[in-house]
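Trainee: Which chain is which? The protein sequence lines are A and B, in order.
Read in my numbering, the first sequence has 520 at position 520, and its numbers run on one by one without any break.
If you count the second sequence from 1, you need to add 1000 to reach my numbering.
Among the clues, some could well be false.
Covered by chain A, according to a simulated footprint, are these stretches of chain B (three or more residues, beta-carbon under 8 Å) [to be verified]: (1) 1181-1192; (2) 1319-1329.
Computed beta-carbon distance windows for the label pairs [as the list claims (entries may be wrong)]: (3) B:1335 with A:321: 53 to 59 Å; (4) A:590 with B:1189: 50 to 56 Å; (5) A:512 with B:1174: 47 to 53 Å; (6) B:1336 with A:321: 23 to 29 Å.
Because the hints were derived from the structure by calculation, they are not lab data.
Since the model is a prediction, treat every value here as computed from it, not as a measurement.
Note that beta-carbon positions come from the ideal geometry of N, C-alpha and C, so glycine has one too.
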Amino acid sequence: MRVENLLPFGAGQCMLLQMEGGAGRATVLLDCGIDLVPLCASKCLFHPTEGFGASVKFHHPDFASIDVESLDAVVISNHLNMLALPFLTEYTRCTAKVYATNAAVAIGRLMMLELVEYFGNRSRPVPFPFGLTHHGTADAQVAGALSYLYTAHDVEACVQKINGVNYHEVTDIAGVSLQAVSSGTYLGSANWIISSLSEKFVYLCDCCSALHHPTALDVMPLQKCHVCLVASPPPPLFSPQPQQQPQCYSYEQTLQEFTAIVGSTLRQGGNVLVPCYPTGVLFDLLEQLHKDVPLAHPALVVSPRANEHFAYTTICTEWLCAEKQALGFIPETPFVHTAMHACGSLLHYPTTAYQVFTSAQRNAVFATALREPCIVFAGHPSCRGGDVTHLARMWGSSPKNAVVLVEPGFCSADVLTPFEPLACQVHYCECDPRQQCPQLGSLIAAVRPDHLLAPACCVQSPSNPPWSVLANPEGPVTPFPERKADGSTATVVIPTAQARYHNADITPELGKALQTHSLGGDCVEIATASCVFETKDNRLVLHNPSLADMKLLSLTPHKHLWGSPLLSTFLNALLEAGVNEIAVEADESRRGTYVVTLRDTNTVVWLSPTETRVDTDYEEVRLQLRDIILAKCLRHC
Amino acid sequence: GTGKIRVVPLGAGQDVGGSCVLVCIGKVVVMFDCGMHMGYTDHRRFPDFSSIPEAIGVAAAQAQAHTPPPLPPAATATPPPEGSGQAAATVAAPLPAGSFNELITCVIVSHFHLDHCGALPHFTEQRGYSGPIFMTYPTKAVAPILLEDYRKITVERKGDNNFFTQQNVKDCMNKVTPLNVKELIQVTDELQVRPWYAGHVLGAGLWEIRVGTESVVYTGDYNMTPDRHLGPAFIAPVRPTLLITESTYCTTIRDSRRARETDLLKRVHKCVERGGKVLIPVFALGRAQELMILLDMYWERMNLNVPIYFSGGLIQKANVVYTNFINWTNQKIKQTYHKRNVFDFKHIQPFERNIAENPGPMVLFATPGMLHTGLSLDVFKKWAPGEANLVILPGYCSPGTMGNAVLNGAKRLDFEGRPSIDVRCTVIALSFSAHADAKGLPEQSWFGHNNAASLLKFQI
Chain A
1 MRVENLLPFG
11 AGQCMLLQME
21 GGAGRATVLL
31 DCGIDLVPLC
41 ASKCLFHPTE
51 GFGASVKFHH
61 PDFASIDVES
71 LDAVVISNHL
81 NMLALPFLTE
91 YTRCTAKVYA
101 TNAAVAIGRL
111 MMLELVEYFG
121 NRSRPVPFPF
131 GLTHHGTADA
141 QVAGALSYLY
151 TAHDVEACVQ
161 KINGVNYHEV
171 TDIAGVSLQA
181 VSSGTYLGSA
191 NWIISSLSEK
201 FVYLCDCCSA
211 LHHPTALDVM
221 PLQKCHVCLV
231 ASPPPPLFSP
241 QPQQQPQCYS
251 YEQTLQEFTA
261 IVGSTLRQGG
271 NVLVPCYPTG
281 VLFDLLEQLH
291 KDVPLAHPAL
301 VVSPRANEHF
311 AYTTICTEWL
321 CAEKQALGFI
331 PETPFVHTAM
341 HACGSLLHYP
351 TTAYQVFTSA
361 QRNAVFATAL
371 REPCIVFAGH
381 PSCRGGDVTH
391 LARMWGSSPK
401 NAVVLVEPGF
411 CSADVLTPFE
421 PLACQVHYCE
431 CDPRQQCPQL
441 GSLIAAVRPD
451 HLLAPACCVQ
461 SPSNPPWSVL
471 ANPEGPVTPF
481 PERKADGSTA
491 TVVIPTAQAR
501 YHNADITPEL
511 GKALQTHSLG
521 GDCVEIATAS
531 CVFETKDNRL
541 VLHNPSLADM
551 KLLSLTPHKH
561 LWGSPLLSTF
571 LNALLEAGVN
581 EIAVEADESR
591 RGTYVVTLRD
601 TNTVVWLSPT
611 ETRVDTDYEE
621 VRLQLRDIIL
631 AKCLRHC
Chain B
1001 GTGKIRVVPL
1011 GAGQDVGGSC
1021 VLVCIGKVVV
1031 MFDCGMHMGY
1041 TDHRRFPDFS
1051 SIPEAIGVAA
1061 AQAQAHTPPP
1071 LPPAATATPP
1081 PEGSGQAAAT
1091 VAAPLPAGSF
1101 NELITCVIVS
1111 HFHLDHCGAL
1121 PHFTEQRGYS
1131 GPIFMTYPTK
1141 AVAPILLEDY
1151 RKITVERKGD
1161 NNFFTQQNVK
1171 DCMNKVTPLN
1181 VKELIQVTDE
1191 LQVRPWYAGH
1201 VLGAGLWEIR
1211 VGTESVVYTG
1221 DYNMTPDRHL
1231 GPAFIAPVRP
1241 TLLITESTYC
1251 TTIRDSRRAR
1261 ETDLLKRVHK
1271 CVERGGKVLI
1281 PVFALGRAQE
1291 LMILLDMYWE
1301 RMNLNVPIYF
1311 SGGLIQKANV
1321 VYTNFINWTN
1331 QKIKQTYHKR
1341 NVFDFKHIQP
1351 FERNIAENPG
1361 PMVLFATPGM
1371 LHTGLSLDVF
1381 KKWAPGEANL
1391 VILPGYCSPG
1401 TMGNAVLNGA
1411 KRLDFEGRPS
1421 IDVRCTVIAL
1431 SFSAHADAKG
1441 LPEQSWFGHN
1451 NAASLLKFQI
């Protein structure tokens, strides 16, 4: 099994998995995210309504570095990790099937269309009014590729190619089966289980153990896996003082902290601007706000797709937590914000539609809705495009007002640099529902993988502080290297047991001709057949031989060995034969393989389920061992 | 393999009554549907659960040999509420509570119609079954509404106290695990369950179960033709060992959908034009929504202002359910919901009882569909003598119901202790039903939901 990282950690996921599946090797792309971090490094703003051609490039996985035509499937864990998908489906020769949960497809589509409206072809960089210039990221500095954004047409074409699935739905492709189970973070967010007949691989991505609006984290199906991959380092812990040991914070605490900031700002007559996405964390913020802060004026959500995002929350009962689902069954509307919207305390607008930065020309509809002091949620959370840029400028000059940065990944001082100097208050209140290291650690302890793959920064080493280290109580931990700009590979190969069995389909013609014989015992029956294997899409098909095949088959022996040598049977047989000086050890590099050393004759035997190798200087010893194995350890049919 | 598959119908069999079919594969026993027979008011309305041990016979004996003896009834089990002295108790000795859990691996309800889920609260709350129950999400939302509606009519209006209670319905539904389409659930080490899309009504499922190498697909009711709000039934080629399918309409091939729709609209329009009243008895959820979408659009197109009413407080509830679970409707409705929610009707308003006395034309959707009780029967009694009026019975009517009598041409209806009623209005039966017809049915399978004569057609 081989895993390659295609993007830096913490920046949107994209990994390439190759594993033995069926009769061949299955290649699966795990997620297809855009790295938005370089966007924040840029000091340029993009105007949503004006513009002649794009000038911002987005950092996505370098599909030229992999063989996209050999991809069998692409699986998407959540809507944030599919933003680079149109680059793959519309601009490469990739014909792989793409799988994502139905909710992730619905939300992801809106997110991509919104990204296009903010940063797409229609926009051009607006000269920054405070004299700053565009410091775009140079192409050479990123690990991956840079491209101008896709178009809305690309998005719709791409979405048509995605196969929507539900949780626990099993899809067979290229000899492996794919199954999404809830990761508990967003509507439709998923951990993927990819299993072949002999191996089970679990891809953990952005899990959340806090109970909030989506379906809770589903742990049971992840258990008993061979390899578990942690896709990204968990969000850092919270340090109250630089000298103190960092602590876990609870998601609920951060939500309460948020409403406390909002409450005190509004009470003092200030406005609150919250740069965020129109989905996900926003729904939790609104719920907490409704609970904690009496709003004098309606709260506003500004996003080109807010209407559709909110409409979606009324029809996604299947993807909600048990508490909200129960409301859906009554039947009532599961989200508080639906009621807030119905009674006018929450409004949403596609845009503030400011043509220039003066309040005189603000959109009339929006202007009537905007009654200060109030709270406005607006995108894009990077503050590089969208209405948030105008609102930040409008309110940034008054010390009464506050900007509260909440969206994970967009909660640093960088985000607001284009607007400096800012007179308003700035609060960093990252509301990240994702598991932190200790919580992720207990998830891994519950999953008990044979082998854990984790980002290098989460694996025990002198440079990593102890509270950021993931342990695996059941087996080894392999560090996963970061994808770097210098082009160094970020690949891990995990030795895995050779498959002992394969599933094969038998054609009806062949099936009719088979005569079965009981082997004794319960349900085991065997049949001999002269037939030919054919491989297609990693699936084996057994069919009747053609005349040409018959000729070849006549050359093979008629007696067949059956079974595999058990270590205990072999050792007993050796003792019976009078061999006493025996040492046994397990082969480190291959699961299920044992090295048996016969000290008397300086002979070494490698015993594995699929082959037995004898290494000796004495031919008579080799023959003796061969006879023992044939007679005692295997069966003839 | 695991050997034989045994199929034992506890209801249905040869009658559109309560569906309840046991399927035994080795030690696994699955109950498909737990329906109520609307034609009866005595113990026969529920499947004969007491016969389960005998019915599953060999399989049960094996099961008991491998499981500990039935536990005594759990201390927390609530006694049957006052007034509902177990209907079946007088007929057969009830089994100790909890023993059904030993006999039955799980219960699967195919869709929310009462002839498929109506006996479930009785089975869980009064007969003590507390094992796994599976339904789709919309079924879990709609079934309790219909159960409660029917309970009210039976207990509060007809004074029949021999029935489950409101609390029984709630407790029963809390035991249900909702599933999404294609969600694969490992119920026990041996048994896998997976629902597929059946059309028919919102949330109707085709159910696949798998035990070892054996598998069974139970269709419940399904529909291969997309309608105004649902898509066509869909299942992957899962190649089951056994297919159990409905066959209500296996002896007829219906006219094209468009022809049927046009026919309905023309008749309704003609009637209201002449000042008549149109009564359309329907089940509260399901076909009603499709007919309402149809009439709402027609009224819009023809610019009509004759009022259309829908009975009961169920309409608002129904609309919220249909909105909450719009992912189970067809592609077009799903994609346009944020612009225009089709379940937000422009021309259809809630009905109030005195409106039935109003002069002038009107259209009324009223429950229940088979005219056996409730508002549809009350209004029918008032409107049936009027020659200008029209009654459209869109569904199948069980023998023993008023709807069945009227469909069979009864011109004079007698009611115990009340003056009889002359039927002078026009009565038509449109085969406007969400069942597969002979074209839509598969060739070889085990049929439920039909009468003996038409079943023979398939046996030839």
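Trainee: Against this structure, judge whether each hint is valid.
Mentor: Going down the list of hints, with the structure as the test:
Only when three residues or more bring their CB closer than 8 Å to a CB of chain A does the claim for the segment 1181-1192 of chain B stand; here the count is 5, and the claim holds. With 7 residues bearing a CB less than 8 Å from a CB of chain A, the segment 1319-1329 of chain B meets the requirement of three and the coverage assertion stands. Distance hint check: the CB atoms of residue 1335 of chain B and residue 321 of chain A are about 26 Å apart, inconsistent with the given range 53 to 59 Å. At roughly 30 Å, the beta-carbon separation of residue 590 of chain A and residue 1189 of chain B lies outside the given 50 to 56 Å, and the hint is violated.
Checked against the given bound of 47 to 53 Å, the beta carbons of residue 512 of chain A and residue 1174 of chain B, roughly 51 Å apart, stay inside it. Between residue 1336 of chain B and residue 321 of chain A the beta carbon distance is about 28 Å. The supplied range of 23 to 29 Å therefore holds.
In summary, the numbered hints that this structure violates are 3, 4.
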